[in-house]
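J.: So you can see what is in the structure, the chains are spelled out below.
Protein chains: 2
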Amino acid sequence: MDGLLEQLRAGLPAESLITDSDVTASYAHDMASFCEAGTPAVVVLPRTVEQVQHVMRTATALRVPVVPQGARTGLSGAANASDGCIVLSLVKMDRILEISPVDRIAVVEPGVVNAVLSRAVNEHGLYYPPDPSSWEMCTIGGNIGTASGGLCCVKYGVTAEYVLGLEVVLADGRLLTTGRRTAKGVAGYDLTRLFVGSEGSLGIVVKAVLALKPRPPQQLVLAAEFPSAASACDAICRIMERGHTPSLLELMDRTTVRAVNKMAGMGLPDTTEALLLAAFDTPDPSADLAAVAELCTAAGATDVVPAEDAAESEMLLQARRMSLTALETVKSATMIDDVCVPRSKLGAMLEGTAAVAEKYDLTIGVCVHAGDGNTHPVVCFDHTDADESRRARESFDEIMALGLELGGTITGEHGVGLLKKEWLARELGEVSVELHRGIKQAFDPLGLLNPGKVF
Amino acid sequence: MDGLLEQLRAGLPAESLITDSDVTASYAHDMASFCEAGTPAVVVLPRTVEQVQHVMRTATALRVPVVPQGARTGLSGAANASDGCIVLSLVKMDRILEISPVDRIAVVEPGVVNAVLSRAVNEHGLYYPPDPSSWEMCTIGGNIGTASGGLCCVKYGVTAEYVLGLEVVLADGRLLTTGRRTAKGVAGYDLTRLFVGSEGSLGIVVKAVLALKPRPPQQLVLAAEFPSAASACDAICRIMERGHTPSLLELMDRTTVRAVNKMAGMGLPDTTEALLLAAFDTPDPSADLAAVAELCTAAGATDVVPAEDAAESEMLLQARRMSLTALETVKSATMIDDVCVPRSKLGAMLEGTAAVAEKYDLTIGVCVHAGDGNTHPVVCFDHTDADESRRARESFDEIMALGLELGGTITGEHGVGLLKKEWLARELGEVSVELHRGIKQAFDPLGLLNPGKVF
Chain P
3 MDGLLEQLRA GLPAESLITD SDVTASYAHD MASFCEAGTP AVVVLPRTVE QVQHVMRTAT
63 ALRVPVVPQG ARTGLSGAAN ASDGCIVLSL VKMDRILEIS PVDRIAVVEP GVVNAVLSRA
123 VNEHGLYYPP DPSSWEMCTI GGNIGTASGG LCCVKYGVTA EYVLGLEVVL ADGRLLTTGR
183 RTAKGVAGYD LTRLFVGSEG SLGIVVKAVL ALKPRPPQQL VLAAEFPSAA SACDAICRIM
243 ERGHTPSLLE LMDRTTVRAV NKMAGMGLPD TTEALLLAAF DTPDPSADLA AVAELCTAAG
303 ATDVVPAEDA AESEMLLQAR RMSLTALETV KSATMIDDVC VPRSKLGAML EGTAAVAEKY
363 DLTIGVCVHA GDGNTHPVVC FDHTDADESR RARESFDEIM ALGLELGGTI TGEHGVGLLK
423 KEWLARELGE VSVELHRGIK QAFDPLGLLN PGKVF
Chain U
3 MDGLLEQLRA GLPAESLITD SDVTASYAHD MASFCEAGTP AVVVLPRTVE QVQHVMRTAT
63 ALRVPVVPQG ARTGLSGAAN ASDGCIVLSL VKMDRILEIS PVDRIAVVEP GVVNAVLSRA
123 VNEHGLYYPP DPSSWEMCTI GGNIGTASGG LCCVKYGVTA EYVLGLEVVL ADGRLLTTGR
183 RTAKGVAGYD LTRLFVGSEG SLGIVVKAVL ALKPRPPQQL VLAAEFPSAA SACDAICRIM
243 ERGHTPSLLE LMDRTTVRAV NKMAGMGLPD TTEALLLAAF DTPDPSADLA AVAELCTAAG
303 ATDVVPAEDA AESEMLLQAR RMSLTALETV KSATMIDDVC VPRSKLGAML EGTAAVAEKY
363 DLTIGVCVHA GDGNTHPVVC FDHTDADESR RARESFDEIM ALGLELGGTI TGEHGVGLLK
423 KEWLARELGE VSVELHRGIK QAFDPLGLLN PGKVF
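Taken in order, these protein sequences are the chains called P and U. This note's numbering numbers the first residue of the first sequence as 3 and each following residue consecutively. This note's numbering numbers the first residue of the second sequence as 3 and each following residue consecutively.
Here chain P stands alone, though its shape is the one from the complex (with noise of 0.2 Å):
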């Protein structure tokens, strides 16, 4: 320990490392539910490749395990911190390095913020699209090593798609780079992607040429009530059959609808069974609102408002916003999951969910990102009580079980980390897991990165 941090301190100034037991404690975890946080040895926050290259070296030669964070929000405990591990936060490479209108790239270190990046690109016209609810907080290099979603993805697709290039330190300390800032490339096999998504197990990110999309027209969005949770799945199902391309496809279930409503005072009727929010950001979006409202009313909707303009149409996606923070005031604790199922396969699963909150005697809240087939069962329960907890986690993974059968995911923007580790075997099967082993052993032979986090 002595000597860790004797040798961490001879290629970091001292402000970037703390050992202060009381601070290292706050970086122990991340916001997942359920999973649990080791106690770091020392919390590092590098501010060059250099200085992480240092500490992979230090962490290889000491046979130390390194925990790399972002801003820790994720939902899945795979920024949880091992005993005795190396937290290497990457917050403070906070710099974007470069924005290219013309190659639509922009370069960046992977501790600046989701939102801070966006609003940089927006000044020059540009659009970074994937917008994980916590865009204000999150990191890029997070959101590169968890391949977060959001609400763009109906439309936008991805992290992983906007990930062209990467400067990534191996766990030996040796610095790798991947793919390109060019449109297209096809040398080699794609390391890029194999880091996106891969929660640290591969490599610490310290660099990446992120893709750029011409900045749309302001979205225009609509809402449409329905009396049941079938109704409005149907309705999604013929927009996208119809081969709309909205910006914004949400559904949020009668629970949802109803804490919202109860918090903000939203003035939604009773009767609503299903709150559907669909938005473009074409150059003509009325006229598209206007095809889905059609759409909308065919499969049943009691009541559809398109929004006449941007003030409007924000107050509507307000309502999805305050989605998880109004689930989480109707009982002590909350558990998210993350179930990703074929839209054609949108019924079932809220179908069989609403079954699993009857089977379990609990309240669960599902907000969906409807045109991904992307459904959030929000598991509300009493966390001092023992019983409910137990019976939280036990629906936690029959829906998953319940994806799986419908020929979904156990996660579609979520990530593994700890709180789906022991599901990843029964989703992938054992060949892939081999293979997942021998990858891993590749990178990083030592098991230093990340170590009991993915499989």
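Keep in mind the hints are simulated off the structure, nothing from the lab. There may be inaccurate statements among the hints.
Note that identical chains are pooled: a pair holds if it fits in a single copy or bridges any two copies.
[To be verified] Simulated pairs of lysine to aspartate or glutamate, EDC-like, Cα-Cα distance not exceeding 20 Å:
id, residue 1, residue 2
1, Lys209, Glu432
2, Lys215, Asp283
3, Lys94, Glu163
4, Lys442, Glu432
5, Lys361, Asp236
6, Lys215, Glu163
7, Lys264, Glu227
8, Lys215, Glu400
Following the hints, position chain U against chain P.
T.: Below, chain U without anything else, positioned relative to chain P:
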């Protein structure tokens, strides 16, 4: 050898094996120039996953190398046979298994021809964008192996972006499932993407889940003539900088324009030094073309001709489509390069390529996927002239060096194969190549899959 055929026959119907050396010779190579091809021991054409597994189990048991093949339209020699190998052609596994308009996916076997899939999904109002020039012949399996691109990429991206999940037979015959059929998913490492562009070196793709887009409106094309390549590149930068999203943006240099003119009597003036084609498949393509026309004029275009309808658009595209064929008539042989640079460097790349042509006293025509910065310099030479052939090969290499100098890649979409194998390490660096070897080792420890290709 007898043992090999006997064991293969035990699990394959007679018509799936070709041993006649006159016929197997026709499977020896793809469409690349300057790449060696060996003599296969046997060609197998399995029709089922189980048959592919049998082939791989046999190959593993007898330590016989396997070269997987699609339609052999590749341009890097990646599908070339090695002496004594099993050529594993997937062209008979050509069923489209599913097309879902709600989930916007297609599930296909690897031997499905790109154009067949494109037409099939079109009937459902859907669109499979990747459109390599060989789309009427090439297979989806080959497209996945080479991560192929096409004209659509500037708006719709490359093959990699459309592969959601795979079934893969591994070197030892085991079956691996990767990815998903959902819109999103982040469970584990992105093995799907690792296979895309791996040129058959990691496993045999036997099934693919592909993402589809809604069918866009018919595109409208504009042609702009420029007095210099530099002014055309200036126009390209202006178009991209202003946030336009053309569905096609192609550049033909003077040599290409003249060859096409000569071949087809297009009536383009001899003063045209560069021809730019831009297209939009937006709701109001005429408006977008008008805006682009203005930018072209501002950049110095001498003539700008927007098509008025689909027929005129098709005529303009003909010129681009016949470019390679026209350049093939210049001399007895051609070598097609595939260097992609940041689009802001396109002017420098074209200038440098012209200098290379002059230095080596060669005719080099350049067609460019301009929106992507992906140049295809076509070196025209007399293959019976040893000195000119040598100069052709040297100029080819110098063009790659130039691309790397400009921050580009040695291959934008054609792949590495045999043709650029020696150049890969120069682009990737030693650390990356070492990791490539580690991954290869994890997937194919005996080194039986397409040995000697890529790296």
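J.: With reference to the structure, classify each hint as holding or not holding.
T.: Hint-by-hint comparison with the structure:
1. Taking identical chains as interchangeable, the C-alpha atoms of Lys209 and Glu432 lie at most 20 Å apart only when they sit on different chains, with a minimum of 19 Å there against 33 Å within one chain.
2. Proximity of Lys215 to Asp283 under the C-alpha cut-off of 20 Å is found in both arrangements, the shortest distances being 13 Å within a copy and 17 Å between copies.
3. Taking the closest pair of Cα atoms, Lys94 and Glu163 never come within 20 Å of each other, the shortest separation being 25 Å inside a single copy and 32 Å across copies.
4. With identical chains, the CA atoms of Lys442 and Glu432 are at most 20 Å apart both within one copy (15 Å) and between copies (19 Å).
5. Taking CA atoms no more than 20 Å apart as the test, Lys361 paired with Asp236 passes in neither setting, with 25 Å inside one copy and 65 Å between copies.
6. Taking the closest pair of Cα atoms, Lys215 and Glu163 come within 20 Å of each other both inside a single copy (11 Å) and across two copies (16 Å).
7. In the homo-oligomer, the alpha carbons of Lys264 and Glu227 lie at most 20 Å apart inside one protomer (17 Å), although the nearest pairing across protomers, at 63 Å, exceeds that limit.
8. Taking identical chains as interchangeable, the C-alpha atoms of Lys215 and Glu400 are never at most 20 Å apart, the minima being 39 Å within one chain and 33 Å between chains.
Hint compliance for this structure: hints 3, 5 and 8 are not met, and every other hint is.
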